[in-house]
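Undergrad: Sequence:
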Amino acid sequence: MDTIKMVEVTRSNVVESIHYGTAILINSDGEILKEWGNANMMIYPRSALKPIQSLNLYKDGVAEAINVSDELIALTTASHHAETIHQEMVDNWLKKMNLNENHLSCGSAWPWNKNDQFEAYSKYKIKRKIFHNCSGKHCGHLAVCQHKDLPIKGYQNKEHPIQKNLIQLIEDLSKYKINHIGIDGCTLPNPLMPLKKFALAVAQLADYKKLNKHSAIAKRIFNSCVKFPEIAGGSQSINSILTKLSNEKVFFKNGAEGVFVAIIPEQKSALAVKIVDGASRAAEVAVAGLISELNIINNNQIEKIKKRPVKNSAGEIIGTIKWLE
14 MDTIKMVEVT RSNVVESIHY GTAILINSDG EILKEWGNAN MMIYPRSALK
64 PIQSLNLYKD GVAEAINVSD ELIALTTASH HAETIHQEMV DNWLKKMNLN
114 ENHLSCGSAW PWNKNDQFEA YSKYKIKRKI FHNCSGKHCG HLAVCQHKDL
164 PIKGYQNKEH PIQKNLIQLI EDLSKYKINH IGIDGCTLPN PLMPLKKFAL
214 AVAQLADYKK LNKHSAIAKR IFNSCVKFPE IAGGSQSINS ILTKLSNEKV
264 FFKNGAEGVF VAIIPEQKSA LAVKIVDGAS RAAEVAVAGL ISELNIINNN
314 QIEKIKKRPV KNSAGEIIGT IKWLE
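Numbers given in the numbering used here equal positions in the sequence shown, counted from 1, plus 13.
Everything labelled a hint here was simulated from the structure, so no lab data went into it.
One or more of the hints may lead you astray.
Claimed, not checked - Using C-beta positions, here's what the derived DEER-type ranges look like: (1) 330 x 193: 42 to 48 Å; (2) 45 x 82: 35 to 41 Å; (3) 193 x 48: 19 to 25 Å; (4) 193 x 108: 18 to 24 Å; (5) 312 x 45: 25 to 31 Å.
If you're wondering where the values come from, they're calculated on a predicted model, not measured in any experiment.
Glycine included, C-beta positions come from ideal geometry on N, C-alpha and C.
Could you put the whole structure together from the sequences, leaning on the hints where they help?
TA: See below:
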């Protein structure tokens, strides 16, 4: 079977929706430790690709050369919620580079949290690029362009040296030839590849020593993200919450359209999930259920994520969304 039932949504004790998906736990040697459905499914990794994008930006001594902090590495790897800390970090980083948000190729957005949205509207009245959840990654691109004296204009295009290097790095890590490149929501290239091969690529980041000259920066990217999980997401972001619950042992990274990945150095492995219909609510529940099933994290908070209440507009609990064990 290519996909399996992963998440069920009920309303008044009746199943209203079912989310199908596939997942894989694979180690850095390519050994499949467990597979749910058929992980040969072709996917766009979307923002779950960010740990590899950060590796591409900061490898070969670039992180040290531009003196990037651990906090900024976490911000580069983030799909942030544009909370105050994210806004200030992006704004300050741009100022440090003598650039402004017009240099970012990502589009404009509102912050994720409603209170932050109201505050942003009251202050600016318009969406801003610094609020975009990928603005940290784009700042990282600008910083590397400045350091390497590469053109800033067009850094998002697949023909740009940074993006060419990214595709080569993905191919090296995944042992898969990329034949099609899509465009992500933030304007950067995103490769089409089997979920299994994406998971293999991410698993390399869980086995630092195998990365040879890239081992130190791969380890630093992981450590930065688990040390500053709320910078790498937000106070209410499920990937940040799960990362915190792991006690710095696992870094979780979400992507749009129902993609989720977990980097697990203790097992030198990675877990990758894809929900077929692209529902983020299902991907969040599924990754929590899988992590619990694998006994990688087990506590009451995980239980609350893999089975969550569904509420109506009055705040009344009228159903559940849960992992199908």
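Undergrad: Could you check the structure against the hints above and give me the numbers of any it violates, in ascending order?
TA: Number 4 only.
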